[in-house]
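J.: What follows is the residue order along each chain.
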Amino acid sequence: MATIDVRNVCKRFGKQQVVDDVSFEVVRGEIFGLLGPNGAGKTTTIRMILDIFKPDSGTISILGGPMTEDKKDRIGYLPEERGLYQDISLERGLVYLATLKGLSASEAQKRIQTWLERFDLADHKNKRIKELSKGMQQKAQLIATLVHEPELIIIDEPFSALDPVNTQMVKDLLREQRDAGKAIVMCTHQMHQVEELADRLVLINRGQSVLYGSLDEVRRRYAGQDVIVRALAPLPASLPGVDRVERENGQYRLHLTSGTTVQDLLRCLVEENIPLEQFEVALPTLDQIFIQIVTREGEAL
Amino acid sequence: MNKTWLVFKNELLNTIRRKSFILTLILIPLGSFIVLGIISLLQNSEAGAQVGQVFGGSQGVQVHGLVDQSGLIREIPEGSPGQFELYPSEQAARQALDEGAIDAFVLIAEDYLENGTVYYYRPDFNPMEGFDLSAELEHIINTNLLGENQALLARVQNPLNMEMEVLNPEPQRDPGNMLTFFLPYAVTFLFYIVILSSASLMLSSITSEKQNRVIEILMTSITPMQMLTGKIIALGLAGLFQTIVWTTAGLLLLRVSGTTFSLPAEFQLPVSIIFWGAIFFLLGYAVYASLMAGAGALVPNLRESSQVTTILVIPMVIPLMMINPLIQQPNGTIAVVLSLFPLTAPVSMMTRLAGTQVPIWQILLSILLLAITAALVIRAVSGMFRAQNLLSGQPFRMNVFFKALLGRL
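Line by line, the protein sequences are chains A and B.
According to our numbering, the stretch in the first sequence is residues 1183 to 1483, in order.
According to our numbering, the stretch in the second sequence is residues 106 to 514, in order.
Derived from the structure by calculation, the hints contain no laboratory data.
The structure presented is a predicted model; accordingly, all values stated were derived computationally and were not measured.
The C-beta atom is built at its ideal place from N, Cα and C for all residues, glycine as well.
Hints may contain errors.
Here are the computed lysine-lysine pairs in the DSBU-like style, where the Cα-Cα straight-line distance is at most 30 Å [stated by the list, open to error]:
1) A/Lys1312 / B/Lys508
2) A/Lys1197 / B/Lys508
3) B/Lys508 / A/Lys1292
Derived DEER-like restraints, expressed as beta-carbon distance ranges [claimed, not checked]:
4) A/Asn1308 / B/Leu135: 28 to 38 Å
5) B/Met503 / A/Gly1221: 55 to 65 Å
6) A/Asp1269 / B/Met503: 54 to 64 Å
7) A/Arg1189 / B/Ile419: 45 to 55 Å
8) B/Asn406 / A/Ser1315: 42 to 52 Å
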């Protein structure tokens, strides 16, 4: 059973069609990327999933049916616009938010203590939140999202304004949660961040779903006829089946002619007795795929 | 229900732990008691007289010359207030004035009997001084004119010996006593401040959650109605607590004044004013806090919310603008209308209750109208209090707010 099942959902604000016939599923134990440029309709989609907005048409099933008050306690949400009470102590602010998610005050306090220790925030628990650094506030946000051990975690722009250390920490945390069987939706426009994390994704552009599937499958689908080769000896001036060679960062990017397969090239290089260090099919990055799609759409218009 | 309780508890703790709340709660009654203490201390000691001199200016005893050209003044009667000395001529009086023997002199003209002309000479300009002297002069002239007929003199000097019998069992207040005005005035301000401050807390609580951006997290944990209900009850309770503390302190203050200053009994407010005060506070608060909550749902930030407050409190300011007719004629038409019209009723009715006996039917009608209004406003605002409004960030428009209030959005 899918944790989230979005089917043909549409939402319009005034004259603007913000979400237009979007469908996807998210299942347990996966990190799902909800991708798209700014203003594509990602946040609106999330807000519809969370029942903050009602869709104009289409259906959304979450944790096996429509949203209920009880289900809200089984979801952890970190919105793009991060927010915490500024004028109260870190611990009190977190305990309040945790109790709103159904934890008893004592249980909330116990779990928050563990999280604060893990994030090196235990010494700051009596400080007012506005006295904390931005990085500390980000960590506090994460605690508020995860403290009630939600089955479904939705994080909007997980890496915005994070330094490299904290970015890595969030990535590790998301992997850990996935391995614990949680369903995770990561909503972002920073597509390169998703590549090493997401198992599956949907790409939304101008409110419409333009790409949906597993990351590997999508990249293979958009892979061109390029091969990346790193060799210990220079490549010959011409190779059969290769119409262009580009040199970049000590490696070669070979564009194959149509009709030539990757296996053909590999066989040829072996026959030529070229000592290889690296040989791989050049899979496009998500950014490249996105540009490819948007350009194609633009041409179609 | 459980989450409403959590919102309520959090909001109440946030409010009553706020330094400004604790300080105003304690400092206002404490300040009043200190002022009262200082006044009673001064009244019971010589220090009072000294302070009086500091504020009144050190004038000493003024000596006035009196020149009589009419031939009517034979003597200065004994026991005359002020100090007068007779001089035989204007010249002699001027000389005495120049030498500093007197501070000023009065000349009763030759034709005084025909025209009543009296001249007043003094070296510096002081228009008020002549009025102060007139009573003393009258006393001197009357005594000299009618000195032989004591009975006539007594009647001229004290023509009416009125005995007033009020056919109302309640003690009446002396219109000349300053408290007749200031007591209702103080009550009016008290209610204006507590209702306004509690209702404004509502607006700032919602807008700060928007500004802090906690609102989106809250919207995925609780319903807008749970949030609204929890906040309204918590802030109302904090305000009610403030009202009761202040009113009780005010009553105590009057009781203490009663013993210290022998304050007339008619200025002792009945204890029932705490009961009516609590009801009018709660209903007034319910109306205004709900209006503020509705505005809070629509305003994007604190800055815009303060502009909205200015507009919403206009009806509350009306009783303050009409304070004179309200206090002078607490059972007049204006006072009755203001205390029945729901938006002005909470403050106006309290002004009247502090000033006079209000017919019970008017109090009950006012409560009924206010309760109906509160119910209607709460219903309209709960419709406005939706996640879409709370998260929109659109600039606030008054016409949108009023349309939403009237259910036409």
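J.: Look at each hint and say if it fits the structure.
T.: So, going through the hints one by one against the coordinates:
no., hint, verdict
1, A/Lys1312 / B/Lys508, "37 Å, violated"
2, A/Lys1197 / B/Lys508, "21 Å, holds"
3, B/Lys508 / A/Lys1292, "48 Å, violated"
4, A/Asn1308 / B/Leu135: 28 to 38 Å, "30 Å, holds"
5, B/Met503 / A/Gly1221: 55 to 65 Å, "29 Å, violated"
6, A/Asp1269 / B/Met503: 54 to 64 Å, "29 Å, violated"
7, A/Arg1189 / B/Ile419: 45 to 55 Å, "50 Å, holds"
8, B/Asn406 / A/Ser1315: 42 to 52 Å, "24 Å, violated"
The structure is inconsistent with the numbered hints 1, 3, 5, 6 and 8, although it conforms to all the rest.
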